[in-house]
Amino acid sequence: MCGITGYINCDGRTVDRSVLERMNRAIIHRGPDEDGFYVNGNVGLAMRRLSIIDLAGGQQPIHNADRTKWLIFNGEIYNYQSLREDLLKRGHQLYTKSDTEAVLHLYEEFGVECLQHLRGMFAFAIWDDVEKTLFLARDRVGKKPLLYSHQTNGDLIFGSEFTAVLQHPSVTREVDMQAIDSYLSYLCVPAPQTAFKSIRKLEPGHWLKWKDGRIEMQRYWLPKFGPKLKISEEEAIEETTRLVREATRLRMIAEVPLGAFLSGGVDSSTVVALMAQESSTPVKTFSIGFEEQDFSELKYARKVAEHVGAEYHEFIVRPNALEVLPTLVEHYGEPYADSSAIPTYYVSKETRQHVTVALNGDGGDESFAGYERYMAMELAEIYRRIPSWLRSAFIEGPVNLLPTSELKKTRVRDVQRFFASANEARNERYFRWMSTFKPAVKPDLYTSDFSAQLTQETSTFLDQWFNAANGSGILDATLLTDQMTYLPNDLLVKVDIASMANSLEARSPFLDHEVIEFAAKLPEHLKMRGMRPKSLLKKVAARLVPREVIYRRKMGFGVPVGRWLRGEMSDFLRDVLLSQSSLTRGIVKPEKLRQYVDEHIQGTFDHSFQVWTLLMMELWFQRFIDG
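Residue numbers (numbering that gives the first Met the number 0): 0 to 626.
Simulated from the structure, these hints should not be mistaken for laboratory data.
Just to be clear, a hint being listed does not mean it is correct.
Label pairs and their calculated CB-CB ranges [said to hold, decoys possible]: (1) Gln463 x Gly153: 25 to 31 angstroms; (2) Pro191 x Ser447: 24 to 30 angstroms; (3) Glu20 x Leu228: 51 to 57 angstroms; (4) Gln217 x Arg172: 28 to 34 angstroms.
Dumping the calculated EDC-like pairs for lysine to aspartate or glutamate here, alpha-carbon to alpha-carbon at most 20 angstroms [said to hold, decoys possible]: (5) Lys441 x Glu456; (6) Lys441 x Glu590; (7) Lys298 x Glu547; (8) Lys223 x Asp462; (9) Lys298 x Glu349; (10) Lys227 x Glu377; (11) Lys88 x Glu112; (12) Lys210 x Glu130; (13) Lys196 x Asp154; (14) Lys437 x Glu427.
Glycine included, every Cβ here is placed at the ideal spot set by N, Cα and C.
Given these sequences and hints, build the entire structure.
Rendered as structure tokens:
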């Protein structure tokens, strides 16, 4: 696996191979193998491969028996061996042992329904030279990215990365200001938007078909949260363990060295423990920590590794983000401000020195209710039943009088933040909690020119999923919303780019669609019992690793950017955000930029998220737009 790209000319113009080669060279994910090309008249496909399965015979593009269909593929299909056996029984002739070839022959056999047979992560393109159609597809949850640009003349340009698609001369770099507004809310640009007007993301769980210059798109997968299973807690523990174990075992199939990210949290600890039980040799684990002990979970990671007999490696990140920021901006290709991309990049870089494939715990929170905000959403629903005059006079008023610090995250600040939004409707409340720049501050933040270009509320990306979950409980509605937005737009983008930039493949057992579908149908009270997030999965994990690792407050993969930006990064922050290009960018009012920077550096307010978001946006503009 690695990266794919290509384009098709609508009017029969011959593909310029030099353009295709330039697009392929721009794929930053560099593997050790040669590039592959298919050029036939007006169609050009290209790929760059990092070999994991069938090292000797899996070179792409892959073709069918009569060479009328050609495939380029990015990802891994974990059930490919059983798929191959079935295809052979059906009379298909296979010339490799790769998972990629199985995908092509499934398409021959089932058409678009082939996607229902795949268990894995993928983004691929199939050219059918008989039907003259191009078929693009992306995996159910969005592990692998796929971008496309549909030109007004019908041409279609696509690729795994912005750097590849932007190499095509027909793709412009005009900024999508609506997407910039979304970014300033969510720390990332939500699909199908991108920061470029001429480029869109194919959304997770979707396919796209091109024919005669027209495109058709359709969703092929969505988790169903009902009807609910009639199941006891003990049965749920056993079935969850079985499914996650199976998903883990499938993801351990590789012809290259394999290990795991180990944060010390519930999800990665569970995966590592199951790997240890399934492996005949000690599992190689890789953990990252920080000199600032507030942000480190290394002691828990060590305990897990010792308990399961794993081979333990740890890496300490020091405040040297300056040296990695240009790399991150280049790799992500559009504004992206989740600061945990820094440790993810470093742990991927360190891990790649030892293995080529690493399993992780991504996706456990979004299926098994691991975030404290799920508890907060439940509490807010209960709180709204209290008469408003009682809430205002006897709860909210006294709470807002409590002293707190503007420079440190405290429980008092959390409580005040909760009550500030608890009275709102569920979608509005959630949007406020998930936003970096809240709706209320944007009128004072944005320039009038920028505001005039905005025609859509950024909250609609969340609203559609809360509306789609109509009839579900508040927990399931929030889980669905996270699975469709936060998970693919933020977390999975972060891990895929950071890992593949280091030629490392990241695999996620909790993102197996069978695990997700089972968790969706579990009764809400099993996933979060009372006000205890992730109660079921913690009981699963407690049978595998020490209880002290499981039953503690969730820390996440945060980094101390606030301290960094006040310390050795402060000069860099001023140089970038208070530069002439930044102050005249026309998005944020210059006086607001100065205010955020000055107040944060001077220690008056903690603007960590806001300043980091603005910094990453300006660095993107300087790299991709200013030239």
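Verification of the supplied hints:
1. Gln463 x Gly153: 25 to 31 angstroms: holds, 29 angstroms
2. Pro191 x Ser447: 24 to 30 angstroms: holds, 28 angstroms
3. Glu20 x Leu228: 51 to 57 angstroms: holds, 52 angstroms
4. Gln217 x Arg172: 28 to 34 angstroms: Roughly 29 angstroms apart at Cβ, these two residues keep to the hinted range, so it holds.
5. Lys441 x Glu456: holds, 12 angstroms
6. Lys441 x Glu590: holds, 14 angstroms
7. Lys298 x Glu547: holds, 11 angstroms
8. Lys223 x Asp462: Cα-Cα ~18 angstroms, so holds.
9. Lys298 x Glu349: holds, 19 angstroms
10. Lys227 x Glu377: holds, 19 angstroms
11. Lys88 x Glu112: holds, 19 angstroms
12. Lys210 x Glu130: Holds. Lys210 to Glu130 sits at ~8 angstroms (cutoff 20 angstroms).
13. Lys196 x Asp154: holds, 16 angstroms
14. Lys437 x Glu427: holds, 11 angstroms
The structure meets every hint from the earlier list without exception.
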